Amino acid sequence: MTERFDAVIVGAGHNGLAAAATLAKAGQRVVVLEAAAQVGGASVTREFAEGYVVSAGAQWLYQLQPAVKKALGIDPPLAAGRLDTLVLAEGGGEPVRYSAARAEGVGEADRRAYAVWAKRMRRFSRLLWRWLNRVPPRPGGESRDSRRLLRMAVGTRLLGKRDMREFLRLIGANVYDDVHECFASEALRAGLCLDAVLGSHAGPRSPNTVMTSLYRRGGDADPLALPAGGMGAVANAMLKAARDTGADVRTGSRVGRIVVANGRVTGVELAGGDTIASYTVLSNADPKRTVFDLVGARNFEAGFVRRAANIRAAGNAAKLHLALDGLPDVPGLDTGDLGQRLLIAPSPDAVERAFNPAKYGEFSAEPVMDVSIPSVHDETLAPEGSHVLSAIVQYAPYALNGGWSNAAKERFLETCLVTLERYLPGLRARIVEGELLTPVDLEREFGMTGGHWHHAELAPDQFLFTRPAVGAERYGTPLDGLWLCGAGAHPGGGVTGAAGYNAARSIIDRDAGR
Amino acid sequence: MSGRQVAQGRLVTPFYSRQRELDTVNRWHEWKGYTVADEFYCSELEYFAIRNATAVFDLTPMTKYRISGPDAPAYVDRLVTRDMTRVPVGRVAYAVWCNDSGQVIDDGTIFRLGELDYRLCSQERHLDWLLTSAAGFDVDVAHETADVAALAIQGPTSYATLDRMGLSAVGHLKPFNLMEVDFAGTSIVISRTGFTGDLGYEVWLPPQVAERFWDELFAAGRLTGIRAIGTDALELARIEAGYLMADIDFLPADTAIRPGRTRSPLELGMEWLVDFGKPMFNGRRALADELRKGSRWRLVRLDIEGNKPAKDAYIFAKPKGGEQIGFVTSAAWSPVCKQNVALGTVNARYGAVGDSLWVDIYYQRELHWTRKMARATVVDGPFWDPPRRRATPPGPY
Numbered sequence: 001m002t003e004r005f006d007a008v009i010v011g012a013g014h015n016g017l018a019a020a021a022t023l024a025k026a027g028q029r030v031v032v033l034e035a036a037a038q039v040g041g042a043s044v045t046r047e048f049a050e051g052y053v054v055s056a057g058a059q060w061l062y063q064l065q066p067a068v069k070k071a072l073g074i075d076p077p078l079a080a081g082r083l084d085t086l087v088l089a090e091g092g093g094e095p096v097r098y099s100a101a102r103a104e105g106v107g108e109a110d111r112r113a114y115a116v117w118a119k120r121m122r123r124f125s126r127l128l129w130r131w132l133n134r135v136p137p138r139p140g141g142e143s144r145d146s147r148r149l150l151r152m153a154v155g156t157r158l159l160g161k162r163d164m165r166e167f168l169r170l171i172g173a174n175v176y177d178d179v180h181e182c183f184a185s186e187a188l189r190a191g192l193c194l195d196a197v198l199g200s201h202a203g204p205r206s207p208n209t210v211m212t213s214l215y216r217r218g219g220d221a222d223p224l225a226l227p228a229g230g231m232g233a234v235a236n237a238m239l240k241a242a243r244d245t246g247a248d249v250r251t252g253s254r255v256g257r258i259v260v261a262n263g264r265v266t267g268v269e270l271a272g273g274d275t276i277a278s279y280t281v282l283s284n285a286d287p288k289r290t291v292f293d294l295v296g297a298r299n300f301e302a303g304f305v306r307r308a309a310n311i312r313a314a315g316n317a318a319k320l321h322l323a324l325d326g327l328p329d330v331p332g333l334d335t336g337d338l339g340q341r342l343l344i345a346p347s348p349d350a351v352e353r354a355f356n357p358a359k360y361g362e363f364s365a366e367p368v369m370d371v372s373i374p375s376v377h378d379e380t381l382a383p384e385g386s387h388v389l390s391a392i393v394q395y396a397p398y399a400l401n402g403g404w405s406n407a408a409k410e411r412f413l414e415t416c417l418v419t420l421e422r423y424l425p426g427l428r429a430r431i432v433e434g435e436l437l438t439p440v441d442l443e444r445e446f447g448m449t450g451g452h453w454h455h456a457e458l459a460p461d462q463f464l465f466t467r468p469a470v471g472a473e474r475y476g477t478p479l480d481g482l483w484l485c486g487a488g489a490h491p492g493g494g495v496t497g498a499a500g501y502n503a504a505r506s507i508i509d510r511d512a513g514r
Numbered sequence: 001m002s003g004r005q006v007a008q009g010r011l012v013t014p015f016y017s018r019q020r021e022l023d024t025v026n027r028w029h030e031w032k033g034y035t036v037a038d039e040f041y042c043s044e045l046e047y048f049a050i051r052n053a054t055a056v057f058d059l060t061p062m063t064k065y066r067i068s069g070p071d072a073p074a075y076v077d078r079l080v081t082r083d084m085t086r087v088p089v090g091r092v093a094y095a096v097w098c099n100d101s102g103q104v105i106d107d108g109t110i111f112r113l114g115e116l117d118y119r120l121c122s123q124e125r126h127l128d129w130l131l132t133s134a135a136g137f138d139v140d141v142a143h144e145t146a147d148v149a150a151l152a153i154q155g156p157t158s159y160a161t162l163d164r165m166g167l168s169a170v171g172h173l174k175p176f177n178l179m180e181v182d183f184a185g186t187s188i189v190i191s192r193t194g195f196t197g198d199l200g201y202e203v204w205l206p207p208q209v210a211e212r213f214w215d216e217l218f219a220a221g222r223l224t225g226i227r228a229i230g231t232d233a234l235e236l237a238r239i240e241a242g243y244l245m246a247d248i249d250f251l252p253a254d255t256a257i258r259p260g261r262t263r264s265p266l267e268l269g270m271e272w273l274v275d276f277g278k279p280m281f282n283g284r285r286a287l288a289d290e291l292r293k294g295s296r297w298r299l300v301r302l303d304i305e306g307n308k309p310a311k312d313a314y315i316f317a318k319p320k321g322g323e324q325i326g327f328v329t330s331a332a333w334s335p336v337c338k339q340n341v342a343l344g345t346v347n348a349r350y351g352a353v354g355d356s357l358w359v360d361i362y363y364q365r366e367l368h369w370t371r372k373m374a375r376a377t378v379v380d381g382p383f384w385d386p387p388r389r390r391a392t393p394p395g396p397y
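In order, the protein sequence lines correspond to chains A and B. The first sequence: position 169 = 169 (this note's numbering), numbered continuously. The second sequence: position 7 = 7 (this note's numbering), numbered continuously.
I should point out that these hints are in silico values taken from the structure, not numbers from a laboratory. Just to be clear, a hint being listed does not mean it is correct.
Said to hold, decoys possible - Computed footprint of chain A on chain B; a stretch qualifies when at least three of its residues, placed anywhere within it, have a C-beta under 8 Å from a C-beta of chain A:
(1) 174-181
(2) 283-290
(3) 311-324
As the list claims (entries may be wrong) - Pair ranges (Cβ atoms, derived):
(4) B/S356 to A/R4: 52 to 60 Å
(5) B/M245 to A/D163: 51 to 59 Å
(6) A/R257 to B/D289: 49 to 57 Å
(7) A/S143 to B/Y94: 38 to 46 Å
(8) B/F327 to A/R257: 43 to 51 Å
(9) A/D480 to B/A146: 39 to 47 Å
(10) A/T266 to B/Y94: 32 to 40 Å
Treat the numbers as computed from the prediction; the structure is a model and nothing was measured. Where is the CB? At the ideal position from N, CA and C, for every residue including glycine.
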């Protein structure tokens with residue numbers, strides 16, 4: 001007998017679980033089907049060397065939306081919170097450090113400027129996230145859409161005349177110009193530049209990188225933290241919330257295809273051949289995988305297929321995991337410092353130069369990095385006395401010239417280790433084992449097209465009412481019964497919970513006739 | 001200098017050498033990159049060849065695509081609004097295709113040459129859209145305009161001409177059927193189709209045998225009144241037949257810039273071509289929505305009093321003081337119907353068959369402009385639709 005549910009969710013990434021919990025709480029019968037053996041998608045903790053575990057995808061928690069936490073009743077335990085960001089100096093030495101409100105290790109003028117800048121960015125980020133936490137309006141749509149758009153305009157105007165002008169000026173600007181206007185310290189500038197371009201196919205001089213920077217700040221989300229037990233803890237909290245409200249979450253259950261009959265979705269077919277019937281299927285997979293692999297292009301109208309095919313989703317960030325038999329002894333940094341967020345970004349120009357080769361299908365000769373040694377705070381991650389290092393490494397283009405062969409990976413790994421050694425001297429001698437995940441590996445492991453952690457590049461033409469493409473900008477797609485609920489949908493990637501939560505609310509609104 | 005020469009200027013069709021010999025007035029224009037004749041000696045006489053004898057029109061510049069492969073039937077069915085699964089091999093289907101918003105990109109004829117082999121003919125070029133539509137289908141789309149020479153042979157004696165040429169087998173063809181016949185050691189396709197609303201055929205052949213076919217055709221047509229015709233004569237015939245012309249009677253949706261300037265098939269009187277029984281085709285969602293909410297426009301065929309063609313005229317609901325409700329897109333005095341006819345677009349609230357509308361006709365007499373508000377009656381179907389158009393076998397004219 002075919003099982004029937006009110007809603008089927010394809011993929012138990014954190015967004016899929018957030019959607020499941022939200023729908024189940026509203027009384028719907030929900031099943032979540034996850035191909036992997038554990039839930040979480042790219043929000044996952046897993047072993048990469050014997051005895052060493054790491055957050056294999058996202059490594060920092062800083063965007064989980066308070067509204068989602070509240071609605072789901074979750075509060076993932078933290079190993080450490082309120083972490084600082086340290087911009088490392090070459091060869092060790094005193095780093096520049098900054099938090100959500102303060103900067104240190106810079107001149108007095110920069111300290112004051114940073115306090116003002118950080119406050120302003122927080123205000124702008126809150127405004128942006130007010131939009132991002134709602135289902136986006138459709139320009140030219142119904143009168144409700146016009147009211148929503150008007151509210152967005154009013155919200156911007158309420159910033160006050162000066163701030164509104166500043167917001168509108170900055171939203172399309174590049175972060176390189178902004179940090180040069182505000183600060184003198186190269187290290188501080190560089191750190192803020194790297195923040196803005198992490199996970200994007202963009203350099204600090206690319207347009208709209210202030211927008212991505214505001215996105216990254218996460219609005220009202222709690223400051224930078226490390227979940228206890230790695231990012232899997234967030235997924236597990238959501239899993240618990242979903243199961244507590246009655247959602248059926250099944251791992252090791254790969255969806256082969258989303259079934260379409262008579263022009264609408266009627267359920268899913270598992271890889272084993274079983275079918276599960278439902279008139280509502282939410283895909284936590286990225287938009288391209290959903291359209292082309294799970295549903296099939298011929299089930300959509302051609303114009304939408306063209307827009308889906310043109311979604312830019314070529315990842316540019318690699319993930320490096322190292323098992324260490326101890327912490328390196330870095331001059332100028334104590335153990336507490338090594339537990340903070342460590343950036344390798346010598347200057348804004350160095351970040352931009354690291355990006356240059358990626359435009360032409362080559363990896364950076366001098367990559368920039370966002371480094372985490374979570375085991376400083378969390379001893380469950382490595383054997384006693386040992387540590388794990390996890391780093392986001394840019395840039396490593398998905399479509400590397402000649403492909404990501406083993407030899408190419410070896411070369412890039414060596415490049416990364418040489419760079420790391422320059423900023424964390426003594427690290428190499430501590431390495432027991434390592435793992436490099438290129439965008440191709442990330443695509444394979446997490447199923448995300450192009451290995452892009454946002455599922456679709458975060459850029460103005462794929463943002464708000466055009467994310468990921470016109471026709472699917474409000475979670476629903478042109479195919480009746482098919483919804484998107486992953487990072488490729490509004491508002492975007494990162495461990496926010498917003499996409500899944502909003503998608504579920506759209507469906508609840510639809511069912512209520514709202 | 002590189003040795004490679006890039007061809008410049010207009011192309012000529014494989015029939016150009018023969019047409020140039022017949023030409024007496026040197027009136028040519030460009031059609032999709034090719035040089036074609038407005039007229040060869042007198043467009044009025046050429047027009048009467050369509051209605052009274054055999055007219056030969058070179059339609060080689062007409063856009064032609066070959067669509068083949070295992071998924072070709074499913075591909076074509078998703079592309080157009082009508083049910084293509086019911087079109088068997090050997091049949092030609094008139095069809096219209098839309099974008100996702102249900103707005104007409106173009107109309108044309110689709111020839112089912114084999115189980116998995118189609119030819120699509122249209123006024124405009126559409127390779128981009130056809131390739132876009134191919135995602136997810138195992139199908140090959142090839143542009144073959146230059147590889148297929150084409151002639152329309154139209155008029156009451158067109159069959160008699162082909163019969164004299166030795167192609168009597170086409171007498172069995174019913175309208176919108178096609179067959180392959182041998183000619184000069186090669187296989188050519190003849191279909192009973194056309195753009196004149198009369199008895200007629202279209203011939204699709206390799207360019208290498210084009211001149212030979214022309215020569216034999218014209219030799220066979222000496223006693224059946226054969227004449228080469230230009231586009232002016234054809235234009236008059238197609239208005240009488242009530243056929244729509246892209247870029248004249250509707251704007252292809254992929255070239256429109258302003259919103260609201262495009263038309264859906266429902267607004268062009270093509271609801272019979274839209275099959276909502278099909279679960280998926282380009283534009284289905286929007287068209288189903290339009291069906292519920294109502295259309296904005298309606299295509300009308302108008303029988304207008306007087307003999308002044310209502311060229312570019314506004315259409316009104318009332319002769320005086322009424323609001324302007326639409327405009328004429330094609331207009332002509334029809335010599336064969338003895339009627340002043342026009343095609344136009346009006347606000348969908350107006351223009352039911354039998355309604356009286358008014359058109360504002362401006363015309364010039366010895367430099368002085370005159371204006372006339374003429375009554376226009378909305379009529380159903382084509383203005384010219386003689387029984388011989390459908391008679392199979394064709395009568396012996």
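(message) For each hint given before, does the structure comply? Return the numbers of the non-compliant ones in rising order.
(response) 1, 3, 6
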